[in-house]
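*Asks:* What follows is each chain in one-letter form.
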Amino acid sequence: DVKVTQSSRYLVKRTGEKVFLECVQDMDHENMFWYRQDPGLGLRLIYFSYDVKMKEKGDIPEGYSVSREKKERFSLILESASTNQTSMYLCAIRPGQTYGYTFGSGTRLTVV
Amino acid sequence: TQLLEQSPQFLSIQEGENLTVYCNSSSVFSSLQWYRQEPGEGPVLLVTVVTGGEVKKLKRLTFQFGDARKDSSLHITAAQPGDTGLYLCAGWGGSGGSNYKLTFGKGTLLTVNP
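In order, the protein sequences belong to chains A and B.
Counting from -7, one number per residue, gives the positions in the first sequence under the working numbering.
Counting from 2, one number per residue, gives the positions in the second sequence under the working numbering.
Only chain A is shown next, with the shape it has when bound in the complex:
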């Protein structure tokens, strides 16, 4: 089974800092996704990528950017962290043409 690893389980950053969240898969799947999850709002798609150097905006891309230089790694960047970006961030991949996503364990980010 494919494994999705997010580099940090918990992060605390200061307002205005540039923040990098890393997501790595151990196979060669094309489709990778970044979500944030907040109580009452559910999972919201920030960005996704369908191949190296290819990216598409999701539903809430403002304040975020992404990078995919290698197929196995998809990075989410908070250009200037703000307190309203405190959230649980989840990376997911879609293995091939299967129906489901495989998620990482998540990064709980707190911006103070």
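Be careful, since some hints might not be right.
Simulated pairs of lysine-lysine, DSS-like, Cα-Cα distance not exceeding 25 Å [unchecked claim]:
{"no.": "1", "chain 1": "B", "residue 1": "102", "chain 2": "A", "residue 2": "45"}
{"no.": "2", "chain 1": "A", "residue 1": "63", "chain 2": "B", "residue 2": "107"}
{"no.": "3", "chain 1": "B", "residue 1": "60", "chain 2": "A", "residue 2": "49"}
{"no.": "4", "chain 1": "A", "residue 1": "10", "chain 2": "A", "residue 2": "62"}
Derived from the structure by calculation, the hints contain no laboratory data.
Let chain A serve as the given structure and place chain B on it in line with the hints.
*Replies:* Only chain B this time, still in chain A's reference frame:
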């Protein structure tokens, strides 16, 4: 517009009870999936239903896809504390949805008390 509505939003029951949670939409989906998410972890796929009227069983969990492929239900028999978690439904397609990314419901938070 929320394409997938889940109910109830919260459910707290005693060990041994049965329960059903629902996932409803006014749109037709090509398939629906159910995930369970434990606190501090990412969601884990439980099952995918594809055919209208399909029923799938996973131990004490029974999943059903509506005949019109607009709704789904999850029934748990004799719930155990280990069933505690957030249950999410998700679908491909749907009016206003997409065939390249999943649409998620907001989830049902289930607590099973010993």
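*Asks:* State the violated hints by number, sorted upward, taking the hints as numbered earlier in the document.
*Replies:* Numbers 2 and 3, in rising order.
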